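Sequential numbering of the sequence shown, starting at 338, is according to the working numbering.
No lab work stands behind these hints: they were computed from the structure. Each hint should be verified, as a subset may be incorrect.
Result set (DSS-like, lysine-lysine): computed pairs, CA atoms no more than 25 Å apart in a straight line [stated by the list, open to error]:
#, residue 1, residue 2
1, K441, K413
2, K441, K425
3, K425, K413
Ranges of calculated distance between the beta carbons of each label pair, as one might list FRET restraints [as the list claims (entries may be wrong)]:
#, residue 1, residue 2, range
4, Q553, R431, 32 to 40 Å
5, Y514, M572, 19 to 27 Å
6, D505, K413, 23 to 31 Å
7, K413, A556, 27 to 35 Å
Predicted, not measured: the structure shown is a model, and the values here were computed from it. Every residue gets a Cβ at the ideal spot worked out from N, C-alpha and C, and that includes glycine.
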Amino acid sequence: MGLCREGQRWYSLPAITERFRDVECRIPGKGERGKGTEGGVNRQESRTRRNRQEADAETEIGTRILEASRRLLADKGWSGLTISAICKEAGVYRAAISYHFGSKEGLAAVLLENLVHEAAFRMMTTVRRTAPSDLRVRDTVRGFDMLGGRELQVVFFEAFTHLIRDPDLRQHLRRLYQDANGMAAIAMGGGNPGKVPELYPYAVMLVAFADGLIIQQLASPEEDFEPVIEAFSRMLTPVIAEIVSDDQAGPSNDVARNRVAT
338 MGLCREGQRW YSLPAITERF RDVECRIPGK GERGKGTEGG VNRQESRTRR NRQEADAETE
398 IGTRILEASR RLLADKGWSG LTISAICKEA GVYRAAISYH FGSKEGLAAV LLENLVHEAA
458 FRMMTTVRRT APSDLRVRDT VRGFDMLGGR ELQVVFFEAF THLIRDPDLR QHLRRLYQDA
518 NGMAAIAMGG GNPGKVPELY PYAVMLVAFA DGLIIQQLAS PEEDFEPVIE AFSRMLTPVI
578 AEIVSDDQAG PSNDVARNRV AT
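Model the full assembly from the supplied sequences, consistent with the hints where possible.
Now the structure itself:
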């Protein structure tokens, strides 16, 4: 239930684009008669152009469906995210939703994945501009928070609270959070993948903190949570800075945990 037509492989828009732009694997008859001749080359170029046009059209349809679903979830919630409403909002046939996403649940899962990837992209972009390590925790939280707009917060939790009830989709969400935690660890480590194992527990803590802020902002949209982010950053930054500054071997997790406690 909720699986894409490619089975267990879930995909976001970047993956859709990459798959459809992989034109070579979509060209039939690679070894057909005429290969290497001028006529064969022309026929292959023609097929390539045609496949690229088809890929662009299919990617555009997938984008419209996702954007329509985001608007519906933000405006009407999960109950308003019906197949007929999506078709009307996106201007597509029901078969297009089945072709790209399999079901309403599959569509919501891909939409949630895109929201997390967008947040991760903002996080990495923000942290790349941060030179001092003592600012990385703060900027990682700010970048990976999805707190920039109430619409995104509503969409995230409308989708999450329903998808978490499905065992198959729950596994997808688990993998999605693992990716998010890993990206947060890389960001806090200044892009050094060698520090990820040691930073990973703190990345989980950071992402959980960001999730908690989303819930509180939904309940109190008028409240200023910047002091909370600053306080969390002051608590965690000394530990992260010491791990990152030691190129040979960072402090053990026990030492780091004791430092957080004090």
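Hints and how they fare:
Between K441 and K413, the direct Cα distance comes to roughly 15 Å. Compliance with the 25 Å bound is thereby established for this hinted pair. Straight-line distance between C-alpha atoms of K441 and K425 comes to about 14 Å, which keeps the hinted pair within the 25 Å bound. With a C-alpha separation of about 14 Å, the suggested pairing of K425 with K413 holds against the 25 Å cut-off. Checked against the hint of 32 to 40 Å, the pair Q553 and R431 passes, with Cβ atoms roughly 38 Å apart.
At roughly 22 Å, the beta carbons of Y514 and M572 sit within the given window of 19 to 27 Å. D505 and K413 have their C-beta atoms about 25 Å apart, which keeps the hinted 23 to 31 Å range intact. Taken as a hint, the range 27 to 35 Å is violated for the pair K413 and A556, whose Cβ atoms sit roughly 20 Å apart.
Of the hints listed earlier, the one the structure fails to meet is number 7.
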